[in-house]
Amino acid sequence: MPESTAAVELCKLALIILLLPLGAFIIQIFFSKKLPREGDWVSTVAMFVGLCMSLKMLFVDLFSTPTGITVQKWFPAQDSIGKFLLIGDPANPAFRLDFGIQVDNLTIVMLVVVTLVSFLVHLYSMGYMHGEVRYNRFFAFLALFTFSMLGLCITSNILFLFIFWELVGLCSYFLIGFYFEKKSASNASIKAFMTTRIGDLGFFVAILIMAYNAGSLEFDKIFESIANGTWKDKSILALGGICLFIGPIGKSGQFPLHVWLPDAMEGPTPVSALIHAATMVAAGVYMVGRMFPFFVGEGYVTGDWWGSEPLIFVAWIGGFTAIFAASIAFVQTDIKKVLAYSTVSQLGYMMLAIGCGGVAAGLFHLTTHAMFKALLFLGSGSVIHAVHSNEMSKMGGLWKKMKITWLTMGIATFAIAGLPFVLSGFYSKEAVLTTAWAAAKMNPGAYTIPFWMGMVTALMTAFYMFRMFFKTFHGEPKDKKAFDHAHESPWTMTVPLGVLALLTVLCGGFKFINKSDYWFLNRMDSEILAPYTHPASVNATPVVDDPEKHVHPLPFTDGRVHMQSQKQKEFREAYGLGHGTVTYLSMGAFLFGLLGAWFFFGPNSPGSKKDMLAPEAPLGKALKPLNHCLVNLWFVDAFYYAFFLKALHVIKDISYRFDKYVVDGIVNLQGVLCKAISSLVGIVDYEGVDGTVRGIGKTTLSIGKFAKIFQTGKLQQYLYASVFLAVGAIGLTVAIYLWVG
Amino acid sequence: MFLLNTDVNLAEKYERFGSEVIPKVVDSLHWFAPELQLAIFAIAVLLLDLFLPRKMSKHIAWLAIGGLIYAAATTFGLHHEEKKLFLGMIAIDSYSVFFKAFFLLGGIPFVLLSYVSKELENARMGEYYAILLATILGGMLMASANHILMAFMALELLSLGSYVLVGYHKRQNKSSEASLKYIIYGSVASAIMAYGLSILYGLSGSGEIPKILATLTADEGMGFAGFFALLLTFMGLAYKMATIPMHFWSPDVYEGAPTPITAFLSVASKAAGFALAMRLFGSFSLDVAPEAGGIDYSELWPIFLIVIAIVTMTLGNLAALTQTNVKRLFAYSSIAHAGYMMMGVVLLQIQGIEDQAAGFGISSVAYYLLAYLAMNLGAFAVVVLLENKTGSVELEEYAGLGWKAPFLGFSLVIFLFSLVGIPPTGGFMGKFQLIMAAVNSRGALPEGTEFLSAMILVMVAFALLNTAVSVYYYLKIIKTMFFSKIDTNAEKIAVPVLGSVVVALCLLLTIYLFVSASSLITETLHLEIYTGA
Amino acid sequence: MISTLASSLNNGMNFLASSFFTSFPSLANFLAQEGTEKVQEATEQAGGIGLKHYLVVSGLVFTLGIMVIVMRRNAIAVLMGIELLLNSASLNFVAYSKFLANPIEGQVITVFLIVLAAAEAALALAIILNIFNNTNSIEVAEADSLKG
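The listed protein sequences correspond, in order, to chains A, B and C. Quick note on numbering: my numbering labels position 163 of the first sequence as 163, and the sequence is numbered without any gaps. Quick note on numbering: my numbering labels position 401 of the second sequence as 1142, and the sequence is numbered without any gaps. Quick note on numbering: my numbering labels position 97 of the third sequence as 1371, and the sequence is numbered without any gaps.
Think of the hints as simulated: they come from the structure by calculation, not from any bench. Hints may be right or wrong, so weigh each one.
To be verified - 30 Å max Cα-Cα, derived DSBU-like pairs, lysine-lysine:
hint, chain 1, residue 1, chain 2, residue 2
1, A, Lys698, C, Lys1421
2, A, Lys705, A, Lys394
3, B, Lys1220, C, Lys1421
4, A, Lys714, B, Lys825
5, B, Lys796, A, Lys708
6, A, Lys705, B, Lys915
7, B, Lys796, C, Lys1421
8, A, Lys33, A, Lys182
9, A, Lys705, B, Lys765
10, B, Lys1217, C, Lys1421
11, A, Lys646, A, Lys660
12, A, Lys401, A, Lys480
13, A, Lys675, A, Lys660
14, B, Lys765, C, Lys1421
15, A, Lys705, B, Lys1220
16, C, Lys1421, A, Lys714
17, A, Lys708, A, Lys698
18, A, Lys33, C, Lys1421
19, A, Lys698, B, Lys1130
20, C, Lys1421, B, Lys859
21, A, Lys182, A, Lys478
22, A, Lys714, B, Lys1217
23, A, Lys708, B, Lys911
24, A, Lys708, C, Lys1421
25, A, Lys621, A, Lys394
Only chain A is shown next, with the shape it has when bound in the complex (with noise of 0.2 Å):
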């Protein structure tokens, strides 16, 4: 990799982004009762220094050339502190390890996106957060996880990339746990942490995977390693692949292991505007497409990208949990748990966009979900505070009340549901379901069916969240005393939604302002290309009398020249040729799912009045049979207790016994022994050796009693003693004498 120093300067500002939240969290955790206000502004002014930062780079670097920059890594103090591992001879390791930055384009715009929603949660958690128990800890707590998020997107390996994200699911384990009084939230936060951790398990085998065959564990190499050929057990890739998508399969929450998602709801308002909109579970995004060119594997060699199992797999989890999430969010009467239900259906969105083989597609969605979804969870929050509940059914006609919050989150809406081409959630969502559209027409018995799961689930994601929206903003009150206590939240609270709400707008027309077409599609799928353009690459030199490989140069007008696969070449003639069948598709979708949610649940609409959807009615009784499953979450939630924990309660039990009758019956017999030891030693001190020398002191003591016995007082006894005592030192002299000599 080049390593100019304007690459380093680069990777030093991505450095100094990262530490920036960390020095906030050291502040706020060791200073902050003392300073102003609990420090909540150290954290939140790092991070809009961050966010500066971050733009910095985004306006200068990214927009600066057509494709944004090449990877540009940068390992400080190599040979010191940046030196993680070093195992063997130092010219010539075994392994090793060095704390690397990367930065190209995906960790530009990562960083943007974490920076902007840490900055604009910080701000509101200043009016949300306010008057509440461990204050300061919060804001601690939120500066350690954007730390952790940062570190995650600008490592240059993925062992570090690992420890991040565990570092994330702690933070998330202390942000969901927030209010730790609560026994739900508790429980919430260990359900958090035990789920992730089960991900993390297949993450750390792929790791394995990954360093026994590649021998490194930094991207480039491992990328370096299949695309030569290098790798040395070509079979393992598959599986390691699978291995790695358990990771974000556990954290952004993919079916089966979605179930912490909802529950960390307990946490904070703020928290689940972070956490889970727009950061933790878009690690799991941004590590799929960090490493996208491991899960192609042996197609990374070929060219073809759709015939690579792990990619499969990938696609339809994504697909299924995006259209099971929808459905269970269709019954949700809390506010949090619907939008959270969306989030596992958009990560699911994502997933099945990169599972596709379209990771800018999948990035770009990430982006704009981070903007809507982190919207609509702080407009929740504002929705909560105001009416101080969560329930819906204490909701309704609140737009008379709160104007902005309600148009705000109207935006939102309207981009989740995918509003045509002026919301930037269209953009993506098409992006999304193009990408798949033309995945199916390259591997048909593969996409085909992730794809029409892809589009139902737009139809039912417009559905519920209008219903929703309809059920908060519109109707009649539900609950008076509610209602007449609302107000709208203050400006911490309501400058953020509006923030978000223009990128919410913007991100969208900004297709009108750059006049390029795909300007981030281009700038995410040249990091993808990058190997093929490296010179340390075996395929640099295009095969010409290969079709199937790199014959075909890729439009880019900066001057490198960019190959592409034969593959590839078809791949983006589909999505050209699909993108207006799927435009319509997603209008569609997004007009019946408004439609049907404004009839059922719209105000003044026929099906609210009737109340179609209530257990009595005929359509209720009808559905019933669905209703019970959804409302139960399809029991997964159910199987999981029964069947696993219930196993864990007996296994523990068995422990329990084992270890307090025989372990620990172990550990007091010897601790009473050791008692008995350790007195008898202390006798053994005190009477033997204290005794020793308080039997000195005191016989020096007497002795000196004894000495004192010849100074009577009388002066003739002293002449007396003097004479004797001289007699008696000259008779020791002589007996000396004669008994030396």
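With chain A's structure known, arrange chains B and C on it following the hints.
The following block gives chains B and C in isolation, referenced to the frame of chain A:
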């Protein structure tokens, strides 16, 4: 005897007397200036006392101090060379100059202490200072004595003055009892010494100390008679130095005397005793062939001195352990320190006076005396100042005084540390020097005396053990002063400036002695005793 | 216990005194060998009284002096004992000077010794007087408040 020696013409004798003796005497006066000045000042102080009203008599101290300074200046100003004065009575050598300066300059703090002490406020102080000056004069003469007569007379001058000063509180029982014990004990001791000196005179045929020593170191020189005579002489000096076996007076006298005099006794008279002791005992060569089939008495002598040193140290330290009176405690501690200094005398003994420059005997004793002056004087100064305030020298009364008088408390801590021998004080350096010199001297033992090497090691071992034992009672004082009645907000005792000045000077001297130990010890290595050669 | 100690010391003292007695003649003999000629000449001149005789006498006086000092209760008697000691030393000096040494020196020393003895006696008497003023007693054994 003129009657017997009639072979020489009387007229010739008279003529010789006029032409040789008198010029010599007049010439000697020039070198005798410091002593003369001191004597004149003593008389002047006495005269001044006649004219001043009684209340102002204590200010005569300043005249005394002036005299001491003047005499000290003269001492330093004279260009000293090794010579005899007054027909062999007094020897001028670097050794005696050192001690003269020691007594003169060291006498100033004692005068100041007497000035500051409340104990002596109502007494007639003119005579006090006159006698003090005369006593100091006695000490100076003792250090430079070359003839047994001069030695004895100077000893007596020192002692007589001390007897009076000890009993200066005429009305107090303790003071008068102390002086009674002192004078009787002291007279007995000096009389025994006189007897011993007489035998020495008889053995050698001359009263001059170098000649006596020459006789004793000659072949078959030290027989039983010589040993016995030296023993008796040692008794007298042991009394002055307060070593075994003649130490019994010192606790009682120290307790009974006014505290400034106790201080004086503990330092000055001890130093004078050592000065004379080193002149007398430090010079027997051990390379003497024993008389056939008998005891080699010259070898007996170092053994004897070592035994004395060991017993003195031990007894002094042990008896001090259970003392409750601070002055008595310091008396026993002085005995112990005399024991340590005896180690130096032993070293000189082994080295022999011919080789004195090569050995550390004189230098270690001289350095230790300097350190001892600083620390003991300082400690006693603190005791005097505290006695002024509390009127008592019982240890219980010292409880909590460390907080009431922080400067004094702190200084006392330093002085006590110095007495124990903890760095960075002069006391530590002195002990260290003594022990190092003792251990090193084993290499220079003459043939046939290797048993002394083991004995020296035993002596050093005892010195170290005794240092350890002494920690107890010195630190007991510190503990009582600081940790008995912890009341850091107690009213601070006001200390007179002059007293603080004395304490501060002693403190500085203690630390200075540590800091410039090497240069000072090198200086003291140049001290030589006149051998008449 | 102290009394037994005292009595044993007493006995020791007596032993010492008697040892003085017996040893001095041999000492005198030994010393007299030093300057045999001179001693013999002087002995003849002095009518057969040799150095030995003086030395024995002075030894006796010394012993008596010691005994007086330790045994008498009266302080003034103790003073007399001290005088005896000093005089024995003077005797020694004179004897040696006559027989062995420079004739002037010993006698000069003796003169000084006598003066010193006088001064000391005067001082001692003054102190005894002071004690008497304070405690109304001049018994040495009664001045024992300073002890330990």
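We went through each hint and held it up to the structure:
Between lysine 698(A) and lysine 1421(C) the CA atoms are separated by roughly 22 Å; this keeps the pair inside 30 Å, and the hint holds. Annotation: proposed proximity of lysine 705(A) to lysine 394(A) is violated, straight-line Cα distance about 94 Å (limit 30 Å). For the hint pairing lysine 1220(B) with lysine 1421(C), the CA-to-CA distance comes to about 25 Å; that is within 30 Å, so the pair holds. Straight-line distance between C-alpha atoms of lysine 714(A) and lysine 825(B) comes to about 44 Å, which puts the hinted pair past the 30 Å bound.
Distance restraint check for lysine 796(B) and lysine 708(A): the Cα-Cα separation of roughly 41 Å exceeds the 30 Å cut-off, and the hinted pair is therefore not satisfied. Distance hint between lysine 705(A) and lysine 915(B) is fulfilled; the C-alpha atoms sit about 23 Å from each other, no more than 30 Å. The straight-line distance between the Cα atoms of lysine 796(B) and lysine 1421(C) is roughly 35 Å, outside the 30 Å bound, and the hint therefore fails. At most 30 Å may separate the alpha-carbon atoms for a hinted pair to count; lysine 33(A) and lysine 182(A) meet this at roughly 25 Å.
A threshold of 30 Å between alpha carbons decides the hint, and for lysine 705(A) with lysine 765(B) the separation of about 57 Å lies outside it, so the pair is violated. Straight-line distance between C-alpha atoms of lysine 1217(B) and lysine 1421(C) comes to about 21 Å, which keeps the hinted pair within the 30 Å bound. For the given pair, lysine 646(A) sits about 21 Å from lysine 660(A) by alpha-carbon distance, which is consistent with the 30 Å threshold. Restraint check for lysine 401(A) and lysine 480(A): the C-alpha separation of about 13 Å stays at or below 30 Å, so the hint holds.
For a cut-off of 30 Å, the pair hint linking lysine 675(A) to lysine 660(A) stands: about 20 Å separates their Cα positions. Between lysine 765(B) and lysine 1421(C) the alpha-carbon distance is near 51 Å, which puts this suggested pair outside the 30 Å criterion. Using a Cα cut-off of 30 Å, the hinted pair lysine 705(A) and lysine 1220(B) holds, with the two alpha carbons roughly 21 Å apart. For the hint linking lysine 1421(C) to lysine 714(A), the alpha-carbon distance of about 8 Å falls within 30 Å, and the restraint holds.
For the hint linking lysine 708(A) to lysine 698(A), the alpha-carbon distance of about 15 Å falls within 30 Å, and the restraint holds. For the suggested pair lysine 33(A) and lysine 1421(C), the alpha carbons sit about 68 Å apart, so the restraint of at most 30 Å is broken. Between lysine 698(A) and lysine 1130(B), the direct Cα distance comes to roughly 34 Å. Violation of the 30 Å bound is thereby established for this hinted pair. Note on lysine 1421(C) and lysine 859(B): the hinted pairing holds, with a Cα-Cα distance of about 25 Å set against a maximum of 30 Å.
Using a Cα cut-off of 30 Å, the hinted pair lysine 182(A) and lysine 478(A) holds, with the two alpha carbons roughly 27 Å apart. Of the supplied pair hints, the one linking lysine 714(A) and lysine 1217(B) holds, its CA atoms being roughly 29 Å apart against a limit of 30 Å. The hinted pair formed by lysine 708(A) and lysine 911(B) meets the criterion: a straight-line CA distance of about 27 Å does not exceed 30 Å. With a C-alpha separation of about 8 Å, the suggested pairing of lysine 708(A) with lysine 1421(C) holds against the 30 Å cut-off.
Taken as a hint, the lysine 621(A) and lysine 394(A) pair is honoured in the structure, with Cα atoms around 24 Å apart against an allowance of 30 Å.
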